[in-house]
Structure formats: C-alpha cells, structure tokens
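Enquirer: Sequence:
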Amino acid sequence: MVDVLSATSIRHRAALAALLAAWFAPAAASAEPFEDLTSAAGLALDAAAMSHNSLIAAVSYGDVTGDGQPDLVVSGGNRAPAFFARTGALTWSGPTLLPGPPDAAAFGHTLFDMDGDGDLDLYIARNGPDTLLENLGDGTFSDASGARLTGRHTWSSTAAAGDLDGDGDLDLVVTSYIDRVSFPSHRCATNVVLENDGRGFFSDVSEAWGFLDGPAGCSFIPALLDVDEDGQLDVLIVNDFAQFSGGQELWINAGPGSTGAWSFANRASQLGVVAPQYGMGPAIAPADADGALDLVITNIGGAILLHRGADGGFVDATEARHPGPTFARDGYQVSWTAALVDVDNDGWLDLVLASGALIAADFIANPSAQESTWFRGTPSGRFVEPIPAPHLASGGVARDLVLADVDLDGRVDALIAHLDGRLTFLHNTAPSPPAARLVLHPRYTGANAAGAWITATCGGAVRRRVVTAGGAFGDAATAASVQLAFPPPCDTPGQPLSVNLTWPSGFSEAFDLPTGTSVARTEPPWLTATAEAVVIDLASGDGGFATTPTATADHAVVGPFIEGPAGVFTAAVDADPDATELRFDLRVGTEPLGAHPRVLRTLAPAAALRTTPTPPVEGRPFAIHARPRDATGAAVGPEHAVAVDVDGVVYPLAPAPTGFMATAPPPPPERTTLALEVDGAAFGAALQVPTAPPADPDRSTLEWRDLYVRSDAVSHAAITLRAELRDANGAPFVPAEDRVRLATDAGGELAPATYTSNTTTLRLDFAHASLPDGALVWLAVDGAPIGEARRVAHLDALADAAAFVTPSRSTCAFSERALRADGQDVGTALLTLRDAYGTTVPEADLSVTWHATGVTVRDVAATSFASYRVTAIAGWSPGAGTVTLDVGGAPGVVVCRVDLVDRALPAPSSATSTIVAAAGEPLAVGVPAVLRVLPRTSAERAVGSGLDLAVAASQGTLEAEARYVGLGRYEIELTPATPGTVTVTVSHDEPPLYVVGSWLVAGPGGEDAAAADVVEPDAAPVDSAAETVDDGDAAAPPPDADAAPLDGDGDDVDAEPGPGDAEPGPQDGADGGALDAEVAADADAEGPLDVDATADTSDEDAPGILDVDTTPAPADTSVIAAPEVNEADGDAITATETALDAGLDRADADRLRQDGGCGANPPGAQGAWWGLALALAILWRRPRQSRASCTPRSRGSRSTRSEGARRWPWLRRRRPSAASPRPRTDRP
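This note's numbering puts the first residue of the sequence shown at 63, with every later residue one more than the last.
Among the hints, erroneous ones may be present.
[To be verified] DEER-style ranges, computed between Cβ atoms:
id	residue 1	residue 2	range
1	Gly276	Asp616	22 to 30 Å
2	Ala327	Ser265	15 to 23 Å
3	Arg663	His702	50 to 58 Å
4	Ala382	Ala595	47 to 55 Å
5	Ala703	Glu625	48 to 56 Å
To be clear, the hints were calculated from the coordinates, so they are not data collected in a lab. Every residue, glycine too, gets a C-beta built ideally from N, C-alpha and C.
Using the sequences provided together with the hints, build the complete structure.
Expert: Shown next as structure tokens:
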C-alpha cells in the first residue's frame, strides 16, 4: 500500500506512539542469570588490534599448575598463547606467556595428559608446524614438538583429544582449514589423526585409519563422541564452506580391522549429517524428552539442528526447534562455539551461542558487533530466546565458549574468548536449586571419559547425557563433569536419582545419586590383561554384560573365558614369543567393547629411533631422536655414549628431555638407513627410513590462468601458473628456475618465460605460441609431474569455451541453508564452471540461461572471483527450490538447490525497528532516494522477509511498494517534490509495526532545507561497496594492510605474496575490494528518542501531549516507535502473551510472566488509564484484527500472486485477506 499523508497527520500519530511507548510498555523483566565478574576475577584485558591472522580465539579450563584448582589457557585472537593461574574461588592471576615460535600465529588448543604422568600438556594449532608443550609438573612447559610430533606443516584450526582406539591413552584429531584460497571453492587442507603410543609420542595414522578417503573439508572444530552407542569413539568434524566442499563429516569407528589398524568411514551422507552450510562449531546432547541425540551446527545465519531418529539417522529439526537466530541487529548472525547445557537448572537443556563478526561477502554481511545469546530449553525441545542478557551479549567478536561450574555451587558459569584478545567471565547467580554433579574417572580408556552415556530417572522423568571431547576451539581433556537437573519436584536437594552409567570401555553399572550433591565415581577394576591371561571380574561393580565377552589379540591366541568363583572369568593367552606388543579386542556377541587394552613386552634392547620430520625429505637436514631401552626395559641414561650411524657415517647424539637427539645432513633419495650405537656397540635393530621427494603432488597446490585464449591472441599470450610447492610434511619448497618446466603431451618441455618467487610461492609464465591447440600440459619439477594435467584451448571466441564445461566438475550452491517460503526471501548461489580437468572456464562472454522451480531468479551475474552469482527469490510453497543453468546452449549443465521452509515470522517491534536514508541527508528534490527499513524484534534482531509493509509519505512520489532485498532489509524509493522535510511512515497490520522517519530535503539548487520535525533514523548506511554493515553499535576493525580476503579474485589475494603474507584472512569475496574505510566509524551517532517534556510551545499539536523535539538533532538517529498493543484488552502486550505467540505452551509461557497475569495491568498502571489508552488507540486509527486475549496472532491467509501486478518480477505484493479484502490493480 502506497499512500501520501499530511505532515500534521503523521506527526499526530508519532506523538501518540511516543506516549503509548513511554507509558504502557511493560517493564523489562530480567531473565539473565549471569553477573559479569571479569574485572574482579583478574581477567580484564585490553582489546588487541586484529589483523588477517585473526580468525580464531580459544579458552580452556583445566589444572595446569597441579594444585587441584583449574586454571585458564587462552590462544588465538592475535595474542601469544598464555595461561591464568587460579588464585582463589573466583580469581586468577596472569597472563603467563607459554613457549613457542613468536612469529607463528596460534589458533585453537587442547589441554590433555599426553604421557600419563598426571599433569596436563598442551597442543597448540598454528599456521605451520603445530606446537606440543610438555608440562614439567609445576605449570612450566617445555617445547616437545620436534621429538613427539611428525613436523607436519598446515593451517591447523584446533585439536581434540580422545581415546580413539580404546588403549587407555589420548589420541589427537587435528582439524585443518584452507590449503589454497579460491573463493568459494577453496582447496581445503587435510585433517590429521595422531595415534599416541602410550608414552606421548605420536604417529600420523590419518591414511591407515581411513580418514583420507573422500574430499577434504575446510575444517574448524572436531568433536569426539559415541554417536551410535556401540562402545567406539566416533568423530564429528564441522566444516566451513561445506556447501562447496562436500558437507560436514561424521566418521564412524568400526574398531580394529583385519590388519590391526583402526577403521573409520565417513557416514555423514547416510546418516543425514551433511548440513551444507558455513559450519563453525557443534553442540551435542539429547536436548528433549525422548533422549535421542541432537546436533547443533552453527553457521553464518541461523544454526541447524539435527535430531537422531529411531532408525539411527538424523533429520533436520531446525524449523521446529528454533536453535538460534538467523539475523543479528543488521545482517546475518554469525555464531561460532555453542553449548547445550542447563543454565537455569530447570531440567531442560538450553542453547548458548558465542557470536561475533567476521569480514564476509556482501550477500552474507554481518554487523561488526554481535550478541552472544542464551536460548532457553522447553519441554517440547524448542528453544526460546529469553529477554536479552546484557552481560552475555557484550563483546561483539566472541569466538569460544566454556560453560563449567567454576565455584562448584551446582550452576554452570561462562567463560568467553573474544577475537580481540579479551576474556569475559560470567558467574551464574540463577535462583534455582543446585544440580547434581557426577565426575567420571575411567580406568581403561582416556581420562576425559569421552563416549560415556548416562541415563538418570526421577519420578518418571528421564534425562540422558553423553560425554564428548572437543567441540570448541579450546578444550581440556580432564575428568568429565556431568550436570543433572530435573524440574519440580525432583529439584529438591537430596532427592534420589536412579543413574545408569555406561563407561567408554563398555562396562555398565547402576547407582543412586542424590540431587544437589557432587559425587566422583571411578570405574570399577573389572578387566586385567597380560601376556599370559585376560581376566574379567563382573563382581567388581554393580553391573556387567548381558552375555560373556570373547577376546582376541594380534600376535597371540586367546582361549575361551572360563567362569570361576564370584563372577570371575579367565581366558588364557598364548603370545608370539617375538611379539613386543599385544593389542586385545573384546566383544559381547558381535559388538566390540570400547576397551582395547595394549600390553607392551620388552624382549631385547630397543633403539626406539624416529625422525623429525617424518619422513625426512630429500635435500633437507633432519633430526634423529632415540629412546634406547635395555633388555629389562630400563632407559639408557646420559652416562652412556650414544650415537647413530646414518648411511655409514656416525653422528653422536646429545641427551635431551625425551632421550637423545642429533641433526643429520640431507638424506639421499629414496631411503636412508639408521643404526643406533651405545658405548660403541650396535644397539637394537637398524631402521630403514623412506625419503620423501622435495615436492609432493598431494600437498602442492597449482593455480592455472589463461589456458583458454582467442586464436588471434596466441602469439602474444601466456599461461600463468601460481604454484605453492610443499613436501610430504607440508613444508614449503621453492625450486630454482632451472628445475621447473612445463611438460606437454606434444613432446618436449618448456622453460618458463618469466620466473618470480618468494619464500613460499612461484609465479611462472609460459608462452602459448609454443603449444598446439588442445595440448595437455603439466608442471614438472626435476622431471617429476606435480598436480593434474590441464588442457590448452585456442578459440575463435571466448564464448566457445562453453563447449568445455563439464557438469561433474562444476559446482553451484546456495549460501543460505534454507529460504522462507514467503515470496520475498532472497538467496544467493555461487556457480563455478570447470572443464574436465578442473580448470575454471573463463566467464567472459559465456551465454548462461536458466529455468527455475520453487524460486524466481532475479539475475545471474559474473563476479570478480571467476564465478557467477545467482540471486533467487523464494516462492510460496515449502519444498525444494531449484535453478537449472544452461551454458552456451547446453541444457541442464548445473543445478542449484535450496530448501524452502514454512518458517514462523518473528513479531517485529516498533521500538527497535529503524528506517534510514541509504545515502544520508539531505535528500534532493526530484532525485530518487532509497530508504532502507529494518524491522527488528524486541530482542533487536532483524525480522527478515515476510512482512507486507504499508508506506506513506508526507510529500513526493513513492515508487511501488517496499521490497525485501535480503539481510533483513526492505527498500523504498522516494522522490521528494519540494524543499523542506519529508516524513515517511511504514506500518504492518498483523503482527503490528509502526515506524516513522523524517529527513531534510534540499531544493534543486541545493538551498538549505528546513529543520526536520523528527530526528534522523536509527541506522547507519551501508558503505558503497556493501562488504559489511556498520550498525552503529561498534566500529568494525580495519583490516591489516596486507590482509587478503578469501575471494580469489586476483587483486586482493596477492599473486606474489610478500614475506608478510603469513596466510589469507577471513571470509570475504564480495567485490574484490578490501573493507571500505566507512566501516571503521559510524556515519552518524545513535541517540535516545528526543522528547520535549515541557509545554508545547513550538508545535501545532495540543498542549499537554508529549511532543517530538522540533530542534534539529543531526547527531541523533532515533525513530518514533509505537508500542506493541494487545488488540483484545488494549494494554501493552505482556510477557506471557509474547511467549504464547512464540509457540510455547501455557506452562512455559507462565515462566516468562512478569505482569501478574494474562491481560493484567502493567506495573504502575491504574484502571482510569485504560480508557485513555483505548481513546488514543482509536485516534491512532490503525486497522486491527480482533483476537482473543492471550492467543497466538494469526499470520493471515495467502492468496495467489498476480504476476502482471508486479513492479519488479521478484517483489512480493500485498495480498488481500478474507478479514479485510483489498482490491488490487495492475500496474505497468
């Protein structure tokens, strides 16, 4: 509806709106359980400058100093890793910096006991070789990376520790991010699985255990848990850019295979866990009453919730359960770490999201300051956002979250790590009874009890919990602490809970746990394994197995179990006399138990030789580490002369914390032989070590350009190749020019026409004129091929390249997980066309057409990063929306798909919604101006699409209706007719919304405009390039001068990066430009509503009514807001009514009541005022639909759209409803 009203009429409505908003709005009810004790706890830190290294921040909670009090470790956020030592119940001191390379950026970390000595060691993820710090027992650390790790180079995100093979020690899953930048289809780095040998020395088993099968994802966070409850620890990996790289990963553990190596398989697709989105982090727990597992995966935009069904697969329950917001105050919400935990001890798990801004493409823009959020759990399993929690919301750049009972009062407290290096400590002061606390100490599997399942019952209510490891950027693999809270009457302290506990080993036991108490429980000693016998003592605990287990072992024959007295079963073991290690596999029926005990045997002197890196690389020095032990198993001490023979040359070894060490010269090609000597005599067996080539094809990345050229340009054209060569360990390798050639199937090799390099990258140019049309070419280093071959094409016109497009190598994916089926919602897909060899086909001059179902395509446009942007508008029917793209006349080359969902429309709030002139003030007579409307909820989140906004202006011409343009924004085009002021109102009937804005208007010659009656609107414009949004809450940090967004467009990702380019920066990819200068400061200032409380002397309204201040206030950008009014009872909508409108049942709604009853008077209001409220509502003359008190608002009926009635083909028009029909007229 487009209307033009008088300024007086609009100002009357605005004044009445202000009166209603000020007097009848319900008092804010505080639901926040947290108090901010950051400063009092000694954790206040100044914000640090953020650069292109700033992507991840991490915090963990564990006893580093060994005094029994948990300390804090922080990393990432462009700060050096450090820890804070616990000094009191709620205080810490520090930070104390941790050792490590000063020039390597640190990201996530995990605390874990790597060597079984009882203290917590530390693994730190970096861009380059990761760091492993050994705790010396007193909170001081020694760098043990060289001796204990493999020396692998990659961009690691973080790590999780868990006992993947059930042998009692903690293995590591290390996630890796991007290997080569090519927005949006980056080449992702491969993740690493490190097996612990029981003494804290790690071997890379990624390939042997199956983790390299399938495409790699750009991974952020791993989580370890027993998904299928079969006793084996599975691995969930959350991937960024998952819609372009194959999705999330869920590796199911099948236990030991026939070779003795563990077997994992990615079952994400079969189990429904692909979740193609910008995955950030997981939250894992059974969150509703059925006890089935829920997975929450955070995202740019709303998180996704997957619920495990009866068939074992997961189904998408996002729309039904509402796991977090899609939008922030302006643009998308970006959530990182998440947790499912009972914050208020009401018996239902809540969802807490750590949220913070990142630089992103314009179609996924997000505000520079964002709120972390707490969503209350309900009996139905749906999550409901409570009244805003200011302490939890502070910060704006949160990345990591730890929820733990710091002061052991039975309530979980919150620790938040921010990207700018700050910490926030929030103490939980909820007035609820304390929860029961169960602390688990496993005996046969890893110390963190990952994989345990707990079932507790009380009065018919059942709660299930699963113990996980990882799941955040910072983690501590310490004894698991499980909180168990129940609703009344089971919340009374001392109430007995019946608990059934299944340990990760597979052993189950039952016991009682009083509510309100904290109990530590150690796994009973039910299993003993030696080289002579395996003994199972079922009498040692109150539990056991349904049937008698069986046992097998590698290098041994295990007999059947024979039952003895008192439930003790014994099986004899006949071990191979030469075996130095036995690994047992225990099963109940066909299902393996989680415990796989390992028995080490010392039969002869052992050299225990290893190299760093592993394997050594041709042409590079390498380190040799030895841990010699004699025939009794005793370590050879530093009083002995220890040396190593390397291919006939003897090098002395120096004592080191982990044994002995020396540096050897570069090894020969293929292999090198190592033999240990002690006191001049041979000691143990010699070791044959394979030698890796200097450039590994699987670790190197190549970026080809200009393989397709016009035939008339061949004589002066060149192929450009950007190469990042790496060895088998990921270390950079830059060969000399004479070692690099372009090989071709036409015969011969081409030397580069130009050669440039830096410490990590080569740029090579090869002349096209030397290559025939259709030739296959590949890079060769020292004659060895590196990477895939590529085709050269000489074309009459570049449009002919369409013939080479290969559907199976091309990709198209929407950035949004789902669109609202409302005829308005906007989705953006990115299309990349590739040939059969994976080369991006040049987008110039290609003919791309399309047809769509379920959505309407607005446009398809080439981008600056060698792909196309497909913009689509959602249809009306839930289901699948598809866009099929035809290229160069070839039909159906690529299909883009997106889900359309019947998503509930959040209720907008007039008090928080804004309207702004996109280009600022003043407007100009005769010049069209874009006005941007941003409807927000009472929690100050953008509502999104789905509103039929009515617009009226005091002067000028309004072009058609408000149209939804994405990111929560609607746009109006207004052309002012006269100088002075223009006032615009935007309204919506149901749910109600009323927003007013007024702007100065300059005449055609630029003469001064009259003062505005209403102050400037409450939002800052988006900068001209639209990379991100400045919403007035906080300035976005300026990027580092050398930062490069991940857009792959060639002008921000340096073709020849300099030494300062440590790695690319966060996700950008909008227009090829760095973040504009405008986002560093707001274009105006946000101020409170200017209301003149004195007598009305300067306005034409009646005296006695609160008036809008007529003094111009250019620095104040508030809007006039009308309250939300209950049409049935005339009062401001109560908390109970709002809860009911959100879809809660009465019991849940009553928890939010703050006004004493449905339809009751708000605080301070007397009966005489209701007559005035009704009179004001009548004067306001807003049409309303009647509804019963305390019932949900109706969204109204939908009618068929009229295609001919559209001003824009993608614009949703207002629809007549049965209650208040409106005639429609077609427009040209």
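Enquirer: Run through the hints listed earlier and report the numbers of any the structure violates, in increasing order.
Expert: Violated hint: only 3; rest satisfied.
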